Amino acid sequence: MTESLRVIVAGGGTVGLRTAELLDDRGHDVVLIERDPDRSERVAAEYVASIIEGDAARPAVLRQAQPDRCDAVAAVTDDEATNFAVCMAAQRMAEIRTVMRIDGDPDELYPQYVDGIVSTASLTARVTVNEVVGGGVRSIEEVGGRVEILDIEIAEDAPAAGKTLAEVRLPEGSLIIVDADGNRIGGPETVLEPGERFLVAVEGAVTDEVMNLLRG
Amino acid sequence: MSHAGERSPAATLTLLDATMVGIGAMIGAGIFVLTGLAVETAGPAAILVFALNGGVTTFTALSYAELASAIPRNGGGYAYVREVFSAPVAFVMGWTRWFTYMIAGALYALGFASNFIEFGHIFGVSLPGGVLFWAGSVVVAFVTLNAVSTAASGSAETLITLVKILILLVFVAFGLQFVDLGEFEPFFRRGNPLTVLPAMGLTFIAFQGYDLIATVTEEVEDPERNIPRAILLSVATTVVVYLLVVFVALGTLGAEGLAGAGETAIAQAAEGFMPRFEPLGSGAALIAFGAVFSTISALNAVVIGSSRVAFAMGREAQLPVALGRLHHRFGTPLVAIAASAVVMLVAVAVVPIRVVGNLASLFSLLGFVIVNLSVIRLRRQQPDLRRPFEVPFYPAPPVLGIVLNLLLGAFIDLTTWALAVGWLVVGAVVYLLLSRRRGEPAVPTGEPETEISDPEVTVPTED
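If you're matching them up, the sequences are chains A and B in order.
Just so we're aligned: 89 in my numbering is position 89 of the first sequence, and the numbers increase by one with no gaps anywhere.
Just so we're aligned: 1088 in my numbering is position 88 of the second sequence, and the numbers increase by one with no gaps anywhere.
These aren't lab readings, by the way, just hints derived from the structure by calculation.
The structure displayed is predicted, hence computed values, not measured ones.
Glycine residues also receive a C-beta, built at the ideal position from the N, C-alpha and C atoms.
The reader is advised that the hints may include incorrect statements.
Said to hold, decoys possible - Restraint-style ranges between C-beta atoms, simulated for each label pair:
| no. | chain 1 | residue 1 | chain 2 | residue 2 | range |
| --- | --- | --- | --- | --- | --- |
| 1 | B | 1221 | A | 124 | 41 to 47 Å |
| 2 | B | 1394 | A | 178 | 43 to 49 Å |
| 3 | A | 149 | B | 1338 | 40 to 46 Å |
| 4 | A | 184 | B | 1338 | 18 to 24 Å |
| 5 | B | 1338 | A | 173 | 53 to 59 Å |
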């Protein structure tokens, strides 16, 4: 699809700038709101977004970004309350998808109010674990509640190595979705060749069991 | 999965390159093709025509500079207007800009053909085929080139433009000694100063190339600073070069001679006083060479410009989406380029050069009115928008830009207006058909603002 989105990014810090860059790379239009003149100058130099200079939590400022013409708002300042306020205000101004950044533990009621929540803490933790543990297992994404998608390489001496899925009993709460090349959906005849990678959906409670079977 | 539609060009153009993109398009054809036509209409006051047009253009150039510094989008004037106005207004802007580039392309192709044949004459070669044949061929050649390759190399364009400027400066340097100020009497044709106005409308297209800089913004280094500079620098340089060349041409060949020479006026003026340049031969050959060279590079620039506008509109689904796709192998907006080529060829084949020039000028004027309006509206709508470049003495320049552009438009003849209206009607039909297919109301009912009642605010007062 070449259709481009129009996105408001509130916050021009490292996260906001990077978000704007990635969106621009994909051909979307970005309006960025940043309060601090020095930071807005830094973003302006990148030439990836038009910039409204002001406090995004102020409706008079937010309105200048024209939420009624936008597809989504990403509130990614380092202040959770500001982000929440931006999302709420944008929703009242227009029908718009809202995404907010949180740094600490999320308020459990957020999902009722905003469409997407980005937890910098758990993102950082996940990436950190990926880097620490190394190549064998990578966490791809947290789907929502407790399910994680993992990219797992079958280890040489793992219990399940060389077996078909019909022979292996994976714990309830786990599912081999597809091999990591994206070529084959896992089925009973799928052979778990050592060295091959698979995408596995796992509920948190059985993660270690799955690891044991596939990694040894 | 590869996302061919998301390929984006690298930032490789320096300030010099970006400036030359603008100068390349402006000095390209206007100076060689339009000088004779302007003199025919206004007499020696043609020099005043170019000076005034340069002034009028500067107001709009300031507006472009402000918009380009604040809105980082490829697509030129269309992209800025899209940011500020509702979809139908942006459509009109894009539709007319697209047409302007295509018409300008036709004009440059015709200018190329006349000068190419003249170039042949100078060497005693009678080229087969007429003006139409060569104009059509050069369009096909450049469209094909642009269709199969994205490498619109900035440095090659820069070199070509520098050579053009150099040739013209050589012309000026030799010619200045032979200028006879008596040729400027009487200054106004038939003693009537008003003849300047229609001549201004006719030649206005000469100064519309700088907005090509705004169509390649994402390829410029340090764009928020360099693009406004490049726009203003290219306009200033072009005006100076134009005035020098027209002064010399008028002062040597005289108004009558220039008017009679039409599209090859400058080359004929050069014949009078230029020494021989080996291996090119006479001065006229040098100028004809410059003209052939210039019209080609200007043609190349507008082929790129026209396809970028169609591409930008296709991506926003304001034109059929096929126009907004890159070709999977060539990586170029092939459909947009091909569509532009068809219109260019039709314009080359059926519309006389004077009408072609008028039509392109008229659409330029209308487009520039909308651009100036955009600056004013954006200042009101988004007062806190970061504007790395701001129009000085706001709001005088954009207001003057609007008034003067409309004034010049009023002096363009009725035939041209009729053709223009015709093209707008075609646009309206396309727009309505497309919006019906998208299942949207064609014309939004007013500003879609969500109503929020104002909360009561109690302002504490000091007693």
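Structure-based check of all given hints:
1. A hinted range of 41 to 47 Å is violated for the C-beta pair residue 1221 (chain B) and residue 124 (chain A), which are about 34 Å apart.
2. A beta carbon spacing of about 58 Å between residue 1394 (chain B) and residue 178 (chain A) contradicts the range 43 to 49 Å that was offered as a hint.
3. One distance hint, 40 to 46 Å for the beta-carbon pair residue 149 (chain A) and residue 1338 (chain B), holds here, with the actual separation near 44 Å.
4. Checking the proposed 18 to 24 Å range against residue 184 (chain A) and residue 1338 (chain B) shows it is violated: the Cβ atoms sit about 41 Å from each other.
5. Distance hint for residue 1338 (chain B) and residue 173 (chain A): a CB-CB separation of about 56 Å, consistent with the stated range 53 to 59 Å.
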